[in-house]
Amino acid sequence: MVDAKKMRGLGSDSPSTTATTAPESKRAKYTPNGLQASALAKLMRNPDKEIKLPEPATEKSVRPPPDIVPNVGSSTAGAGSGEFHVYTQSRQREYQRLNILAEKAQREAEHAQFVQRQTQLSAEHEKKTAKNRARRDKKKAAAGRSKAQTLNPKSLSKQESESTAANANTDTSFHNSRSADREADLMPSAVTTASLRICRPTSVRAGLVASVSSVRLLSTQVSGRSVNSQRLNRVSTLIPRRSMAVAAGVGKGEVNERPPPDQVIQDIADYVHDYEITSETAYNTARLCLLDSLGCGIEALRFQAARNVLGPVVPGTIVPNGAKVPGTDYQLDPIRAAFNNGALIRWLDFNDTWLAAEWGHPSDNLGSILAVADWLSRTKVAEGGKPFTVQDVLTASIKAHEIQGNIAIENSFNRVGLDHVVLVKVASCAVVSKMLGLSREQTVDAITQAFVDGQSLRTYRHAPNAGSRKSWAAGDACSRAVNLALLVQRGEGGYNSVLTAKTWGFYDVLFKGQPFKFQRPYTSYVMENVLFKLAPAEFHAQTAVEAAVQLYAKLQEAGKTSDDIKSVKIRTQEAAVRIISKQGKLNNYADRDHCLQYMVAVPLIKGSLEPGDYTDEFASDPRIDALREKMLVEEEPRYTSEYLEPEKRSIGNSVELELNDGTTLDAVAIDYPVGHARRRDEAVPLIASKLKKHLADIYNEQQKDNILQLLTDHDRLVKMPVNEFMDLWAK
11 MVDAKKMRGL GSDSPSTTAT TAPESKRAKY TPNGLQASAL AKLMRNPDKE IKLPEPATEK
71 SVRPPPDIVP NVGSSTAGAG SGEFHVYTQS RQREYQRLNI LAEKAQREAE HAQFVQRQTQ
131 LSAEHEKKTA KNRARRDKKK AAAGRSKAQT LNPKSLSKQE SESTAANANT DTSFHNSRSA
191 DREADLMPSA VTTASLRICR PTSVRAGLVA SVSSVRLLST QVSGRSVNSQ RLNRVSTLIP
251 RRSMAVAAGV GKGEVNERPP PDQVIQDIAD YVHDYEITSE TAYNTARLCL LDSLGCGIEA
311 LRFQAARNVL GPVVPGTIVP NGAKVPGTDY QLDPIRAAFN NGALIRWLDF NDTWLAAEWG
371 HPSDNLGSIL AVADWLSRTK VAEGGKPFTV QDVLTASIKA HEIQGNIAIE NSFNRVGLDH
431 VVLVKVASCA VVSKMLGLSR EQTVDAITQA FVDGQSLRTY RHAPNAGSRK SWAAGDACSR
491 AVNLALLVQR GEGGYNSVLT AKTWGFYDVL FKGQPFKFQR PYTSYVMENV LFKLAPAEFH
551 AQTAVEAAVQ LYAKLQEAGK TSDDIKSVKI RTQEAAVRII SKQGKLNNYA DRDHCLQYMV
611 AVPLIKGSLE PGDYTDEFAS DPRIDALREK MLVEEEPRYT SEYLEPEKRS IGNSVELELN
671 DGTTLDAVAI DYPVGHARRR DEAVPLIASK LKKHLADIYN EQQKDNILQL LTDHDRLVKM
731 PVNEFMDLWA K
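Position in the sequence shown (from 1) plus 10 gives the number in our numbering.
Keep in mind that the hints were calculated from the coordinates and are not lab data.
Check each hint, because a few of them may be wrong.
[Unchecked claim] With a straight-line Cα cutoff of 27 angstroms, these simulated DSSO-like cross-link-like pairs (lysine-lysine) come out: (1) 703 <-> 741; (2) 570 <-> 640; (3) 616 <-> 595; (4) 390 <-> 729; (5) 703 <-> 396; (6) 148 <-> 137; (7) 714 <-> 702.
[Stated by the list, open to error] The following label-pair restraints were derived from C-beta to C-beta distances: (8) 636 <-> 314: 25 to 33 angstroms; (9) 644 <-> 134: 55 to 63 angstroms; (10) 696 <-> 290: 17 to 25 angstroms; (11) 133 <-> 647: 39 to 47 angstroms.
Every residue gets a Cβ at the ideal spot worked out from N, C-alpha and C, and that includes glycine.
Make a model of the complete structure from these sequences and hints.
Structure follows, in structure tokens:
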């Protein structure tokens, strides 16, 4: 028979899970097989009862096996075994305990840091409060003294006492509030973190308003309950007191009262609209300047680099009634035509010059003047109207010269790193506004637009970055001037205090806070005294080039060449030393035509200086750099002084040669170049010769004759419609 105990799973065949010596009956309670047998017997007692199977258990993740570590010595858990189990559950409890301790330590550290930072800020704010209180008291005392003449002394004393007491009460209550804040409990971590994050605004005013609003919001939303007001006040101590006042609407904002236009700009607009040019000398010089400038532009067409920047933005575009570009078949809108004209006139650095505290080339303005006058004339003729005449162009040119040159007399833009073409933009914008029919007020607006516009840096004119942008920078200024004037014509406004606005104005941003200074009123002085170039060289080197040409003749007489030169000593003005004295490698055309040593070396070698002498091919002549190495450039104080004297405005240079045989050729010193007003009569035939040479390669004989006749026929020139005048120059 089968043993009943074994049938119930209670026999010795059931494996024991413990080493205990408990009785067999008690041990059976904890035997898995016995439990299963008991459950089965219970079900079988009532076979008729419906059996309900339990729902299957949800799948659980498999626990990792317990770590096994060797048992050292004896262990009640190991019962003599070589190993024992450390169960995961107990280890998890240990991990949780350690994490709780770490989090508590971190919170305590954060709390300590917060309290330390709060204490530090409170001390700083208390210091500022005391300082501001002293300042307020000082101002109130001063205000009281100023009113003493009109107020009763006793009444004044009473008012001051009441005011002082009120201020003391206010400051005391604020101090007490701050003390109460410091004694309050630390606000919850979530509130603290969020509030601190809110209190880091990207812009002071907007950020502080957001901070105050956010703190108020936190009072009702954090943790679903209202936060103690003292805790919120603690967050507010992180915001400077003055800024909180601004955020709450207590402090004063910027005054938004629009000022009248700056006087400098009003003076320019008044001159453009109201001043009448009566100087015959100015008009005769303007005629020479117009023809000479266009001749320089025609000569520039010989160079591919110049032609590369010309034409419409979209190739092949022909604008109806558009302005024509000299020497080409382009007919463009006035903005693009102004760029083309200005780039051509300026490309070779061969047009007129004005030297003062700032340097420049006022005839650059003809780029915009001719473009607008031609476009408007063709448009008016097409509509049956009256075109502009060359007389109108000459008048605009005289005024543009005066604006640019008069500002340049006392104000150095190069000293602050700005290029002189800013004055081309300002002058062109002013005179073009008048040509477009704008009112005086609109002209003011246009001039302010020119000043607020981004200004060019001189980077492209100086070593080691000299480049071809210096040749089209004036064209860019002309086109921007026309564009700005046209925008104002369409209703765009101006910026009245563009020069004088604190922090944001031209003076503070770009002129080191210094206002413009003026030596004389606007008349026709600049055109009457403008300088013409008879050599394609930066003007500070004109007399040095002239001296080198004379020394070349002396070398020829002595049977010598540049190879016989041992040393060259050049004495010049401070401006030339700073701008065009260069050593080392010259990288391009623009580098060479702004190098004093190069411009002296070439005529010492060949007896002249031509535009083509700056090309890479010509510059490869080894004699040029060899001679440059022998040169010493020094400032001559007299030249620097007379350079700035209004009644002289000399551009002096002297060149002295020492030869290899020990002989010295006497220095050739020239104070005034041939293009100076003091040598104007001497210059006129040379200007005519220069123009003839420039026209030779572009036009046929008939076209050349038609243009050259205008040099001597002043009456015919000034009466000619601008569109017909520009047709003479078109290809």
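* Asked: When you take the CB atoms of residue 696 and residue 290, is the distance between them in 17 to 25 angstroms?
  -> 22 angstroms, holds
* Is residue 148 within 27 angstroms of residue 137, Cα to Cα? -> Distance ~17 angstroms between residue 148 and residue 137 Cα, so the pair holds.
* **Pair hint outcome, residue 703 versus residue 396 [Cα-Cα no greater than 27 angstroms]** => 34 angstroms, violated
* Do the alpha carbons of residue 616 and residue 595 lie within 27 angstroms of each other, as the hint requires? -> The hint holds at about 21 angstroms.
* To do: Could you see if the CB distance from residue 644 to residue 134 stays within 55 to 63 angstroms?
  => 57 angstroms, holds
* Asked: Do the beta carbons of residue 133 and residue 647 sit within 39 to 47 angstroms of each other?
  -> Violated, since residue 133 and residue 647 (Cβ atoms, about 59 angstroms apart) do not stay within the stated range.
* Asked: Given a hinted range of 25 to 33 angstroms, is it respected by the beta-carbon distance of residue 636 and residue 314?
  -> 29 angstroms, holds
* residue 714 and residue 702: Cα distance at most 27 angstroms? -> 8 angstroms, holds
* To do: Please work out if residue 703 and residue 741 have their alpha carbons no farther apart than 27 angstroms.
  => Holds, at roughly 17 angstroms.
* Assess, step by step, whether the Cα of residue 390 is no farther than 27 angstroms from the Cα of residue 729, and give holds or violated. => This hinted pair holds, its Cα atoms lying about 17 angstroms apart.
* Asked: If you draw a straight line from the CA of residue 570 to the CA of residue 640, is it 27 angstroms or shorter?
  -> Distance ~17 angstroms between residue 570 and residue 640 Cα, so the pair holds.
Hints 5, 11 from the list above are not met by this structure, while the remaining hints are.
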